[in-house]
Each structure stands twice: as C-alpha cells, then as structure tokens.
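J.: Sequence:
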Amino acid sequence: MRLHSVYARFYRSLNYDFIRASGEKYEPDPWDSTPEGDYPFVRIKLRPGITTVVGANESGKSQVLSAIEAALTGNGFERSDFCRYSRFFGVHNDIVLPEFGAVFAEVSDEAVKLIESISGHSDLHDVERVAFFRMNQTPKFRVYVRQKDKWTGPERVEKPTVLAELGVPVPFRIDADVPLPDSVPLEYLVSGNKTAPLGRDLLREIWDGYQKNNAWFESDQTVTTNAGAISKLFQPVREATEAEVEMYELAADLIFKVAGINKELLKELQQHVKKKNGYANSIVDTINSELAKALDFPHWWSQDSQFELFVSLYEFDLVFMIRDRTGRTYGFDERSAGLKYFLSYFVQYLAHEVRSDGRPEVLLMDEPDQFLSASGQQDLLRVFDDFADPKDAGRDPVQVVYVTHSPFLIDKNEADRIRVLEKGEHDEGTRVVTSAAANHYEPLRSAFGSFVAETTFIGNCNLMVEGPSDQVLIAGASRWLKKLGVADRDRLDLNHITIVPAGGTRHIPYLVYLARGRDVDKPPVVVLLDNDKAGNEARDDLAAGGAYGDTLIGADLVLQLEQGDLAGLVTENPLGIAGIEDIVPFNVAVLAATIYCREFVPTVNPLDLELTPASVYPDASMTDEKASKNSGTLRFLEKAIASKTNIPTFHLDKVAFARATVDALTSSAGDLVVTEEDRQTAADNFKLLLKNITLCQRKAERAESVQKISSRINRAKKDFTRTHDSQARREDVVTLIEEIGSQLDRSPEAEDVRAEMRTWYARFDLDADPRKLVADFPGLLKALDGLAYKAVREATAR
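Residue numbers (this note's numbering): 22 to 819.
Keep in mind the hints are simulated off the structure, nothing from the lab. Just to be clear, a hint being listed does not mean it is correct.
Unchecked claim - Per label pair, the in silico range of CB-to-CB distance: (1) L118 / A663: 52 to 62 Å; (2) F621 / K314: 28 to 38 Å; (3) R779 / D705: 44 to 54 Å; (4) G585 / F318: 20 to 30 Å; (5) S303 / D746: 21 to 31 Å; (6) E558 / D766: 36 to 46 Å; (7) E772 / A395: 25 to 35 Å; (8) G379 / V266: 26 to 36 Å; (9) E149 / D586: 44 to 54 Å; (10) D746 / R349: 55 to 65 Å; (11) G445 / T572: 45 to 55 Å; (12) A395 / D586: 47 to 57 Å; (13) T572 / D766: 18 to 28 Å.
Because the structure is a prediction, the values reported are computed rather than measured. Positions of the beta carbon are idealized from the N, C-alpha and C atoms, including for glycine.
Sequences are here, hints too, so could you generate the full structure?
T.: Encoded structure:
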C-alpha cells in the first residue's frame, strides 16, 4: 500500500484545521469528532514520488516529518508534545495526547481480507483507500475504509501489529547533520574499535615530545621515574566521541556498502602498513578504483565533471582526499562544509539497503539545504528523483518527503509536489495552504521570505517575457506537456531557465542590458516578444544594442509570436496572434474565463452566454486594431462578456486568466472538460513555442560557453607570453596545455579545443627532451592565437 495522506491534531503547532472548521459548508470527516465537538485534523496530502514541504521559520515543517513517523509507527510522541495553545491543553482528562492518522491507497485484495480479520469490517469490496487513526478515545486504534466515495467506520483494530502485516511503508531518515569525516582509522574499519584517528598533529606532538625528552626512555628506571610525564605526553590518545563515531560509520558504509570492499582486504591493509611495503599501496589503489566506479561523480556533481573522491594512506588512517578539474589534490579540511554534507547525503543514498521484509519505505529529510550551495541543492534534487524513480533495477521506489527553506531545492517542473505551511495567529496553529503552486507560487515566495527581484538572475539561462501572465502560462504549459510525454528537449526545464517578467514590453531591452551589458560574466538570455507595435519597437531596440551600440543579444535569440520560426502557430483570432493568449483555442479561453468568474465574479457564467468566435472577435478588416494593445483574445472576450452581462466594468485579469487556462488544460477544474480537438490544438501550439524557446536556450548557452572558452584561453596565453616572450621549453608548453585543459568543461566546443591541443605534441615535438626549447616558437604563438578563437569559429560555422 502507498501512503496517500497524513493527519495530525493537537500535535505541537499542528492544532487543528481552523480554516476548514470555520467554513459554512464544513462537513466533518468521520474521524474529526471529539467529546467537545468536531475538530478537523490538519491534513498533508503526499505525492506518490516526492513531496516538498516549505514554510517560514516555526511554521511546523519539521513537525510534519515527526507526524508521519508517529502515524506509521505509533512511536515518538508523548504528553509533552500536546499543542500548548489547544483549548484542551491541561484541562481535559480524556484528550491528553496528540492524535495521528494515515490514509493508504492502492489497497490489495490480501490487505482487504486482513483488515476484515482484525476489525469489525466485513464484506468489503471496491476498496479505494484505508485509514488508520491513533486516538485518545476508545477505540484508540481505529480503521476506516473508503468504498465508492464513502468512508465506513470506525472499527476497532484488535491487532497492534496490523500495519506491519499489511506491509505499509516504513519511515527512515537520511541524517542531515553527519558529514563525511576527514579520515577514518583502519582499526575502526577492521574491528570497530572507537580509537580516534592518530592524525598528523598528534603524531608530531608525540614525536617532538620524545625527541626533547629521549633521556626518559634510556632504561626501565628512567621510564619508571618519568612515568607521570610520559603518561601526560600520550594523553591526547583517546576514544572517539559519539559524533566522530557517527562519521566513522558513514565512512565505513562508503568503503564496504558503496564501494563493495571486503573487510578482509582492510585487514590485510592494516597488517601490511606495519611492514611498509608496496602491497599496502596496491590495496589502496584497488579501493580507489572501486570508489570511482561506484560513485560515478560526473553524473551527480554538476559543478565539476572531473571531480574525484579517493583515499590516501597516512600511517594507520585512511584519509579522504579530493581531486578537481584543476588537477590538484586537496584534503577534506581544505574544502567547504557543503561538499562534505553533499557527500554525506550521497553516501547514505548509495548505502541504503532494501528492506529484507519487502515493505516499501518513506524517506524523511529535514532541511538538507542548510549546508549546500544552490548548485549542490539542484544536484541533491537528482538524488531524490532517483530515490523516487530509481534507474537501477535492483532498487525499489522510495516515497520522499523533505522540508526546506530554500527556493533552489524545489523542482519548478513539478509544482504539484509543493506543500506550503503557514502559521496562524493565537490558537490557530499550522495550516496547509491550498493551491500554492497554482497561485503563481504565492504564498510560496512569502514562505521563503524572498522577492522576485532577488532571484531574477541566478546565473542560469533567462527567458525575458512581457509580464507575469506569460510566465504563468509558459511554466504551466511546460508542466502540462511533461505529463503528455513530450520530450525533455522540446519543453522547458524550469530549474535551468528562469522566466523573467519584465513588467511591460518596453522594459525588456533594459532588462537584457542589465543581464548582459554590465559584467564580464554574461548569463545566456532569450527574449519572447508579442506580435504588436510594442513588440516591434522592443525588437528594434534590442537590435540597436546598448549605450555604445554594443550588441546585447543576437537576433537569433529573439523570438516574436507569429514571426519567423513561430509562424506556424495557429489561432482563431482573425486579426492573427498579438499576445500569447491568442494561441489558446477559443473554447479553452471560454472555459478559462468561466474558471476565473467562479472565483472572482460568481454572478457571471460565460458558458451560459453562447459565446462564439464570430460573436467575440471583430471583423478581420479592422486592421487598425492590429497595432493596439487590445487586439488579443483576452480583451475581445472581456468586451463580449461585458456587453452580454451589462457589466461595463467587467475585467479579465491577465495573470488569473493564465492560471485558469492552465487549470482548464490540465483538467484541474473538475466539471469543465476540454475537447480532445482543442486539447490537441493547444498542445501543438505550445509544443512549437517551447521547442523554439529551448532551441534558443541551447544556442544561447552554447554561445556563452564559447565566449568563456575564448576568455580562459586568452588569459592563459597572456600569462604564458608574459613569462615567455621569445622562447619556451617544451615542458613549459605541456604545462600550458594542462592548465588550459583543466579550465575547460565537457562541452563539445571544449572537447574540440582539447583535440586541437593534442596535435601540438607531434607538431612541436613535446614528447622529446622536455628541457629543450621549442623549435618553432612563432608557430606556437600563432597556434595559441588560433586556439583562442577556434570555438568561436566552429560555433559560427554551425
């Protein structure tokens, strides 16, 4: 069975659902009753794969994870966890403990039979869900069954071990507070002895003490006489602390579970260290070879495709070392805490073993973002994805629930993963905000405490659009196309492209200037313009360039609706496409207007107005309308509804209309169903639009990569020619090749540069006597000049 929802009541800040309880149409669930009336539980609905819980400080995020554990296990809570601002706290003898419930979906026939055998339920059929609740009142452990949209129960559960027998998911945690250690003693790996690592500083201290006082060790008598001083010298040798042991355990998991090293091999290593022979180093080489294969860091660590974790032998400790794209080696104590903690999460992920009893699992993780950079958090998202949808056939899917403060640890492509918590006032407690993602990620931004301007440019590719309605519609359409199975290359990955609303078409050129014109690092930018007068003016301004006529963005990175590659977009508007709303089929636009009116103008129902394209759109001969801002479907629809309802002030808000359009396409509006023909038209239009945006995105990112490659080569060339103005040794050129290569990424353009430099070994005899001068030094400088712009030439040729 799969965990569908978790319920909590009177638990710390999860008091009860005060919003639901205050509703005029509130109908209590069968488990909402108490001796003092109905108090609805706080419910957190969980995704089958990944659920992201966000909220401000003290909003109750961490308590959600504990509530999941309590609901599934019956453990981890006591009277002191009772909500202290509940009206029942300390004054009601029958309500003294928090209460929890768990609802399960995908209920098998075997599970139904077991439920019948341990409860009062009988003759169950067509079971949709099953709920187990842990209550204060008798029966304390209850089961409810949902059949044909109706809950039956409660029935007493006679068997406290029923959840284990049903095989419901088991919660477990990845410890966010335990980093990978700098080193681990061989003694611990071999025998589990908790001796602290000797360490270079401690060994040096003991050795220095011995050298200064070697007279202490001349005879048994001098040893006895100086026993106190000798004992003090060795006092730093101690047992590891509890925190160190936790890190050792993580290191042991890395060596034994992840790399698959046999413990007998570590025993041999420990023995041969004492003999100081090369066999010990061969064992270390084997460990490193297996580590490299098991970790596969280029796939997981996007910040450095050449990143490598390996171990080095230092006396009786294995020391963890890092080699990065610079080709240099670093100790763990020289790298950031974020790297250590990412490695910790990653090792715990790889070391996690499937349960022997076959029960599914739920991973709970509390604020894993606290030590990680933005890029590290994005890499961690991929680890979570592999937990939920493993690529390894030997792994079972794991449901993931994590809480975070960080906007970088939410997947913008999966808006329905997000659960936003909000703390009410006084006795209201924590509530779950509904439709957080549908409302343009608000109050998600409030939960993070960030403003749009603070996160506009994050260093990835930026898509500049006219306003927030374009942002909502494009993002929503991308998520919708993902559900339809459209290929990744033909829709947006919202974690790697930021849709930036400019607040009006006239602001787009200046925003492009801010992003591209004022710094050495220029983030890739793509522009989408409306097909109207303002769009034409913005296109001309972009072509004119910045203050000094510098090109800010190539014309091939500016898209305009119904122009060029977007000429294939289809519309029912006889005046053509002006704004993005015009690529929405007419009937879908009417449904969107209906959804909007249900929320904001309930007295108006556009479906009852018999709206048709002929009654809404003007005559195609009205070409003067084409140049105005009011030539789009949205405004014509607004005018038609206003005239048919005699409400001259009727207004269709662009952002709300965009959100409603996404709801209509994704069937989130319940009874309002889009026809298959209209759905296909909308899909074709948005696929064409997003495909061209992603093509421009790849082009912009490739152009930026080319510029960075040229810049790095020119810097290396400048340093080289400053110290070698007329001649250079062959070994100096080999060092230059290594330096340039270490600064390049794994892009095709960078690989072309590496391939070109490999030809220099034969051309300039670099494999011969390394101390001899290069015979053709002018030719080398010319080759270096050509190398700097090779990527530019290749990109231009493409």
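J.: State, for the Cβ atoms of E149 and D586, whether the hinted interval 44 to 54 Å holds or is violated.
T.: holds (47 Å)
J.: Does the beta carbon distance between G445 and T572 stay inside 45 to 55 Å, or does it fall outside?
T.: holds (53 Å)
J.: Check the following: the C-beta atoms of A395 and D586 are separated by a distance inside 47 to 57 Å.
T.: violated (32 Å)
J.: Looking only at beta-carbon atoms, does the pair E772, A395 fall within the given range of 25 to 35 Å?
T.: 27 Å Cβ-Cβ, so the 25 to 35 Å window holds.
J.: Between G585 and F318, does the C-beta distance stay in 20 to 30 Å?
T.: With Cβ atoms ~41 Å apart, the hint is violated.
J.: Can you tell me whether the CB distance of G379 to V266 sits inside 26 to 36 Å?
T.: With Cβ atoms ~31 Å apart, the hint holds.
J.: Between the beta carbons of L118 and A663, is the distance compatible with 52 to 62 Å?
T.: holds (57 Å)
J.: Starting from the hint 18 to 28 Å, judge whether the C-beta atoms of T572 and D766 obey it.
T.: For T572 and D766 the Cβ distance comes to about 24 Å; the hint holds.
J.: Take the C-beta atom of D746 and the C-beta atom of R349, compute their distance, and say whether it sits inside 55 to 65 Å.
T.: violated (27 Å)
J.: Does the Cβ-Cβ separation between S303 and D746 fall within 21 to 31 Å?
T.: violated (46 Å)
J.: Does the beta carbon distance between E558 and D766 stay inside 36 to 46 Å, or does it fall outside?
T.: holds (38 Å)
J.: Given a hint of 44 to 54 Å, does the C-beta separation of R779 and D705 actually sit inside it?
T.: holds (46 Å)
In terms of the numbered hints stated before, the structure departs from hints 2, 4, 5, 10, 12, listed from lowest to highest.
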